[in-house]
Amino acid sequence: MKNLYIMGTAGSGKTSVAVGLALKLRQEGYRVAYFKPVGSTSGIASHGDEDAMLMKQILQMEHPLETVVPYIAGPAYLSGYKHSCVSVKTIRQAYETVASGMDLVIIGGASFPHIMGCVGLDAVSLAIELQAVPLFTIKIENDYSLDMAIFFNSYLECKGISTLGNIFHNVPHSLMAKTEGIYRPILEERGYRILGIIPQNPEITSPTVKEYVEVLGGEILTGKENLDRVVEDVVIGAMTIESALGYLRRTANKAVITGGDRSEIALAALETSTSAIILTGGLYPNVKVIARADEKGTPVILVHYDTYTTIEKMSEVSRRIKPTDQQAIHLAVENIEKHCDWRDIIRALQ
Amino acid sequence: MAGLTSFFNPRSVAVIGASKSPGKIGNVIVKNIISSNYPGKIFPVNPKEKEIEGLACYPSIGAIPEPVELAVIAVPAALVLDIAGACGKSGVKNLVVITAGFKETGKKGLSLEHKLVETCRRYKMQMLGPNCVGFMDTHTPINASFAAGFPLKGEIAFISQSGAMVLSILDWSHSIGLGFSKFVSLGNKADLTESHFIENAADDPNTKVILCYIEDVENGPLFLDTARRASRKKPVIVLKSGTSQAGARAASSHTGALAGSDLAYEAAFRQCGVVRARSMPELFDLAVAFASQPVPRGERVAIITNSGGPGIVATDNVELKNLKMARFTRETVEELRKNLPAEANIYNPVDVLGDAKADRYRFALNKVMADRGVDSAVVLLCAGGVTEPVETARAMIEVSKTYPEKPLLAAYMGGKQIAEGARVLSAAQIPCFTFPEPAISSISGMVGYARIRDLPEDEEPPSYEDIDSKTVESVFNDVKKDKRLVLLGSEAARVIAAYGIPAATTILATQPEEAAELADRMGYPVVLKVASPKITHKTDIGGVKAGLKSYEEVRLGFIEIMEKMQRYMPRVAIYGIEVQKMMPKGTELIIGMTRDVQFGPLIAFGLGGIYVNLIKDVSFRLAHGLTVREIKKMLAETKAYTLLRGYRGEQPADIEAIVEATGRFAKLVTDFPEITEVDINPIFAYNRGVSAVDVKITIS
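Residue numbers (the working numbering), protein chains in the order written: chain X, 1 to 350; chain H, 1 to 700.
Honestly, the hints are just simulated from the structure, not real lab data. Treat the hints loosely; a few may be bogus.
EDC-like mimics (lysine to aspartate or glutamate), calculated; alpha carbons at most 20 Å apart, straight line [said to hold, decoys possible]: (1) H:Lys545 x H:Asp520; (2) H:Lys483 x X:Asp294; (3) H:Lys108 x X:Glu219; (4) H:Lys108 x X:Glu295; (5) H:Lys108 x X:Glu232.
Here the structure is a predicted model, which means the values were calculated and not measured.
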């Protein structure tokens, strides 16, 4: 069988597709391995490539992590670059170890397909080297997302590689009709295949309170037991009390950022659908606010940053699938089964 | 809840945590009960003592050989729960928990308070507090509190969320000789709340006026029902603090609960006939006026003064406080003209001149009070060389006895010279102030109360046969499935239409051609509006195109709006574009609702359109028990109402249709508690009928 190279941009759902396809293929009786030629350690407080660690665990691969992901490229990889330490050869060797005895290898692309292009280890060059068929995942945000898909597809064509097709990932509800009615025909007219359109699922794509706590640090004043709540939106509580309730009511499962001295905003947030309250400026709230939050089980996190810094830090967070996150793993497989032509994918890999 | 008769009038009282040491709260309470001449039995409880203040002391509540009707608990917080349980087992039905250290201290305290309430429920006990001063009843009499002193006997019940206010008002009341029937310190209101005590005071024959100081209301609907019933029987005067931005913040920090909006409180008080005091002096001025004088039959005030300036000040105030200056009959004017000095003013305000002695005051007051065009009178007296403050006071007392149905108030302006006269008036139950304004305000409060009290009995809220709640449910289910809180315009229009509020046809389109075909079917002209739950002010960012007249205009309009959204709101989810049949322009109105945390749906009505926030011509009512009469009053409070009746020759609008739409709207938001906010802005009012053009609904 042919190998599958999953490419895409950061946050385009490469990992989710890899998890879903790997498990689906295994269900169908194939022996599947995962390989990530160029990893990264962008994750918070992690010591290795998170995708590789995840896939190694899910697929119960026995190889050491350094074999599954032979090279880690940070954003300043050229500073420590030595010609001897990274080569196509090293990667090839690691790949062969992983691939031995397997029906196929799912190869995970780096955050962006162009990464390490300077040393010839970009996703396209590696796909050629490892004779893998590219599958391009696209996160649909707007029409430019489609332009990017066409651009990459034609680049792959120019390089003489035939692609398996595209998967549209994380498509917001509001763009579903457009994706089906406009994007799909445009791609198909140009001869590119769409293998799946996976709708956005806020529960899975949104980070949990815990993930925010990890980047923010700070003190959890109450609600430790509910850090796995999902945060679908972030709202800043700086309005007057009269307008606060109306404003806060419009958003579900949100994190509300406000000052510790704004008891009334915190209390208004607790009357609405709120996943967490983040109090900035290091101001401890009134004990009664904590008592009320405790009653509701809503986490209250006290940070010492100002509001702007807090938001900047929070914007770094994006949801990543963890080996223990059964719900996310289950959904990844379900997405492949329900929203992708997985039979066609298998057929194309034969 | 079984009434509070045995609470205020128990046959026996136990003080748990009673103490021998002077100055300890457990000692003060025992002494207070004894010195209030409480006629029942008193049982101090303290395992370490044999006798306290000459009374036999018991080791536990269970050791008392006789039934106990009321237990006052003043033990450390950690022991309260067990003690309350023991009280329950011994058959005690009423508890006063003085002890602090509950909800007000945070998480642990809150959970302790919950357990305490559970214990009370289990044994069917009623509890005042915790964290309170206690209560006093001057008619039982009993002083089950740790306050210093006992009030004079009177007819005012004072119910306060602030314990400190109870203590200081008690002390102050002695200095002015003001009497009370009851003092209640509500504390944390864990079980018994203001509503229970208002209900009790309403039925209490010893109470004439109910006075409340509150920071929040514990149970909005219960309060509305109780206060509505109570104010039919006697005046309920409330000072509610936390009305300003900063005050609301202070109140929520203090109580640990989100304060309902002041608009909702204002509507609540108005709808249930509560007289709202705006300041502490006003609260007690009103209390004194209501307790000592009859409620006036109307709004016409007569003023008698011995100097021009204060007379004018008082007159200004009459108008400011929505009262009217009485117009005397010809007979009265004639009598005054004949008998007063030529330079005296014989019209209202009557100026009896600076040399007026008691006789002249007596004459003028007699004539004025006898006039059928006068509902109440205010006598002003400025200190001067020849005035007779005490004699004049006596004259007023005499005249007032002749006219017991007309309130008489006084303002004695001065210090030492008039002090004795003022005292004589107060002692005879004629409220006497230093300046005219509080006298006028007090009459205004009384007139306001009389207007509400004398209304015919409340009718039932209207009911509608043709509402389709199934459609509303199914729309809400779809929205919830889509994990949204804000309805699209097309969904919102369906919801209100299902409740019989006429709404312009609105349909969602996702493609330009689809929109154009919809418009073809609807008929031109049409309006296009961007559909996104995240965009609240569509017009501001070019999300609306009105007056489109052809297939091609609609198709291009669709594309243009989408491009604008891409540019201005690139990260916001757009569901498509709504096509709406363009309605002919009528009077633009707004009907809105925001769900108040305490009182439920608060309905707003006013002039609509984009200037709502600027012009702020809006009136409010709570949907709870909203009658057609109240809806009409709400409409009439706005300037928009003048427009609707046909301003300067314009066609009048269909007011009945607006009233019906508002009634149906109130029904919708009452039937569906998941609706948290609604704005119908604008709804067009026509010569015949109405049509909702833009509807926003948020659900929870």
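### Hint check, failures only
2, 5
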